[in-house]
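**Q** Here are the chains, one letter per residue:
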Amino acid sequence: MSDTGMVDGRYEAEAVGDPRTFWNDAWKILRKKKLFWISGVLIFVFVTMAIFPAVYVWPSPSPDDPSGLYCFLSDNRMPPSAEHWYGTDVQGCDYFAQVTHGARVSLTVALFATMITVGLGILLGGLAGYYGGWIDAVISRTADGFFALPYLVGAIIVLSALTTQAGRQTWHVAVAIGSLGWPAVVRLYRSTVLQVKGLEYVQAARALGASDFRILTRHILPNAVAPTLVYATISMGSVISVEATLSFLGIGLPIDSISWGIMINEAGNKVQQSPHLLMFPGLYLVLASLAFVLMGEQLREAFDPRFR
Amino acid sequence: MFRYFIRRVLQLIPVFFITTLLIFLVIRLIPGDPVQAQFGERRIPDTLRANYEERYHLNEPIFKQYFLYMGDVLRFDLGDSIATQRPINDIFREALPRTLRLAGLSVLFQAVLAIPLGVMMARKKDTWFDNGFLVVTLIMLSVPPFVLGLLAQVYLGVKWDIFPVQGINDGLWSYVLPSLVIATSIMAVTARLMRATLLDVGREDFLRTARAKGLGERRVFAVHGMRNAMIPVLTVLAIDLGALLGGTIVTESVFNIPGIGFQITRAVIQRDNTIITGISIFLVMAYLVINLIVDMLYAWLDPRIRYE
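Chains B and V, in that order, are what the protein sequence lines are. At position 85 of the first sequence the residue is numbered 85 (this note's numbering), and the sequence of numbers has no breaks. Just add 308 to the spot in the second sequence (first one is 1) and you have this note's numbering.
Check the hints yourself; a few may be wrong.
[Said to hold, decoys possible] In silico lysine to aspartate or glutamate, DMTMM-like type, Cα no more than 25 angstroms apart, as pairs: (1) V:LYS432 / V:GLU362; (2) V:LYS433 / B:GLU301; (3) B:LYS33 / V:GLU512; (4) V:LYS433 / B:ASP304; (5) B:LYS32 / B:GLU266; (6) B:LYS32 / V:ASP354; (7) B:LYS34 / V:GLU525; (8) V:LYS432 / V:ASP354; (9) B:LYS34 / V:ASP434; (10) V:LYS433 / V:GLU512; (11) V:LYS467 / V:ASP478; (12) V:LYS432 / B:GLU301; (13) B:LYS33 / V:ASP438; (14) V:LYS372 / V:ASP354; (15) B:LYS270 / B:ASP256; (16) V:LYS521 / V:ASP508; (17) V:LYS372 / V:ASP385; (18) V:LYS372 / V:GLU402; (19) B:LYS28 / B:ASP304; (20) V:LYS467 / B:GLU301; (21) B:LYS32 / B:ASP304; (22) V:LYS433 / V:GLU525; (23) V:LYS432 / V:GLU361; (24) B:LYS270 / V:ASP469; (25) V:LYS372 / V:GLU362; (26) V:LYS432 / B:ASP256; (27) B:LYS32 / V:ASP434; (28) V:LYS372 / V:GLU361; (29) B:LYS33 / V:ASP603; (30) B:LYS28 / V:ASP434; (31) B:LYS28 / B:GLU301; (32) B:LYS197 / B:GLU266.
The set of hints was computed from the structure by calculation and includes no laboratory data.
Start from the sequences, fold in the hints, and give me the full structure.
**A** Dropping the structure here:
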């Protein structure tokens, strides 16, 4: 950091010559927030856990060493110990390794579902806000219709439609969750478009002959990036939780995937004897979901001028 | 008021038809033969198949199927279960009171816990109490109900034996623990909303007027502040009631309560499409009607809305 003895953030920025942009201001607010750093570190840990689980768990050098990924049925449902930090599961597998590897599928589903939600929301919200008229009516009424359907019931309907004889796959779950979240983004984005589309610089662009597509992507989209980013971050957190719920009910991820929801489902009737089977995946699930929700809240406060 | 009511009802109609059409199409598009699904691998005699197709209108074009079905729905007949031949109305008569008890108690507990908490947070704004509970409510939001439910079941039900563990054999008492679990996981939103609206109302001119008139702080807060801040909170409580009719699925499954959620989970596993359609359409209707009532309440409490 280049703070050369200056206390005030604004003074420092002017001294160093940083332009006072929207993103710069937001960053100055963010970096003073404790919760931003806490959630940032948590997100970093879970993301690296998802991409490189081997950083956290590594296969043991020999099969005789039970501390790695090897499973020994004779060691099933052992409580946490120095050898197995999180104990072992019903198959005698090291639970620390299992829980760590669970991050990948959770974050993948969350990322893809959020991308679908935000993509659809921006596309439909942009069309509805920009063109208005019957396009707006159809899109907005359909969005209202989606709001009327409870989230979980909607996911159940889409999942049963997607599931074929070949069974469910991970992307089915991502599509099912993603195809339900868009109405909220549509409302958010549509209102941004309505606010911006009458402004002088948009009219100027139109007068210069810019196409609708160019106006929507170059002039209107940048205005909506911040609120959409906030929504997407919070959405990551809630998707993690919804996916685990579906998997817990037995209608989510395929039963052989390594997922926190499925671990908790399997722990279900053994919680009394082996509480660790519920505690560790439950803790990771809560932390992962909380990290994104917290981060979203901090971003919201940094981006929204009303909080400044 | 009456004209406002008529306008709101007219707005509901397209939403109702769009949602039900979407549900109907998605479920009818589920791959596989719905008749064959009821008979496993066995061959179905032609007369029996013709009987099924006649009864469920499966031999008609899909849009005609929809209109025939909606004709029945508008006469309050949701048809028969394709798996058990049982009228879906009978299933509702049995399952709905259980879900209503669960949802009603949850909303009650939620109101009792969240409203005082929100008021306290607003009155102690920016103290450790307020900041602490802002984080605590976020954590509560991130704990999925099934994790909380399993924990509560094992500790409060089995180990300490305070509440019934599962089932509905103890009358209303058996609904208390599941409702508390639901209330805990959704009260965060209500408490934060109560806090935010109370703070917003605090800045309004009419509060300044009330103070200027010389009213005591207690009266300003209770009569002028609370009454106005309660409007959005009441809305959320009512919407929660509607959302919970379909939102108790997970809790019903953890605590073995044979309500609406239990029926829909079973229907998905048995591929009982007529039950999935029936329950979803019922939930949409319930949500829309509750929202209509909430809007009317809103207009009655805040006359500014009516004349928009």
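**Q** Could you work out which earlier hints the structure fails to respect and list their numbers in ascending sequence?
**A** 1, 3, 5, 6, 7, 8, 18, 20, 23, 26, 29 and 32
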